[in-house]
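Numbering of the sequence shown is given in my numbering, commencing with residue 1 and proceeding in unit increments.
Hints were generated in silico from the structure; no laboratory data involved. Accuracy of the hints is not assured; some may be wrong.
Computed spacing ranges between beta-carbons, pair by pair [said to hold, decoys possible]:
no.: 1; residue 1: R17; residue 2: G103; range: 42 to 50 angstroms
no.: 2; residue 1: D109; residue 2: E25; range: 18 to 26 angstroms
no.: 3; residue 1: T101; residue 2: L66; range: 18 to 26 angstroms
no.: 4; residue 1: G9; residue 2: L108; range: 41 to 49 angstroms
no.: 5; residue 1: T93; residue 2: P45; range: 24 to 32 angstroms
no.: 6; residue 1: P45; residue 2: A104; range: 40 to 48 angstroms
no.: 7; residue 1: A104; residue 2: V36; range: 25 to 33 angstroms
no.: 8; residue 1: L67; residue 2: V96; range: 40 to 48 angstroms
no.: 9; residue 1: A44; residue 2: I4; range: 26 to 34 angstroms
no.: 10; residue 1: T93; residue 2: V68; range: 35 to 43 angstroms
no.: 11; residue 1: I4; residue 2: S113; range: 40 to 48 angstroms
no.: 12; residue 1: D100; residue 2: L40; range: 17 to 25 angstroms
no.: 13; residue 1: V72; residue 2: V96; range: 16 to 24 angstroms
no.: 14; residue 1: D100; residue 2: V68; range: 37 to 45 angstroms
Backbone N, C-alpha and C fix where the C-beta goes; we use that ideal spot for every residue, glycine too.
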Amino acid sequence: ITGIAASWGLAGPLSRRFCQGCGTEHLVKGAAAVAVVAALAEAAPWPRSPTGVEGIAAKALADPSLLVYACVIFPLKTAAGQVATIALRARFTEVVPASDTAGALAALDVASSAIGVA
């Protein structure tokens with residue numbers, strides 16, 4: 001659901017606005033920067049909740065790492081991935097000759113799948 005929302009509400013409008021000429025390069029670089037920030041935030045040490053805290057809400061407030069991940073880091077990573085994917089596809093269709101577009105997009109799909117598995 002987050003990926004669909006990011007594609008429809010963020011990646012699509014950004015691609016339509018900036019994917020003219022070198023704008024796709026800026027979108028890919030921006031998406032990569034957001035992904036790096038999200039990865040650094042995910043790797044940051046978080047304070048642990050004291051033992052004996054009762055209730056889900058109390059545990060979430062005492063140990064904010066899951067809450068931050070669910071509300072901030074996960075949506076950032078998802079949005080960055082969607083923007084990068086759409087911008088790369090747009091860049092491929094701009095750079096590759098029209099006769100080779102299908103092959104280039106197929107190669108991009110294979111590379112994306114290989115990266116996703118690794």
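Provide an ascending list of the numbers of those earlier hints which the structure does not satisfy.
-> 1, 3, 4, 5, 11, 12, 13
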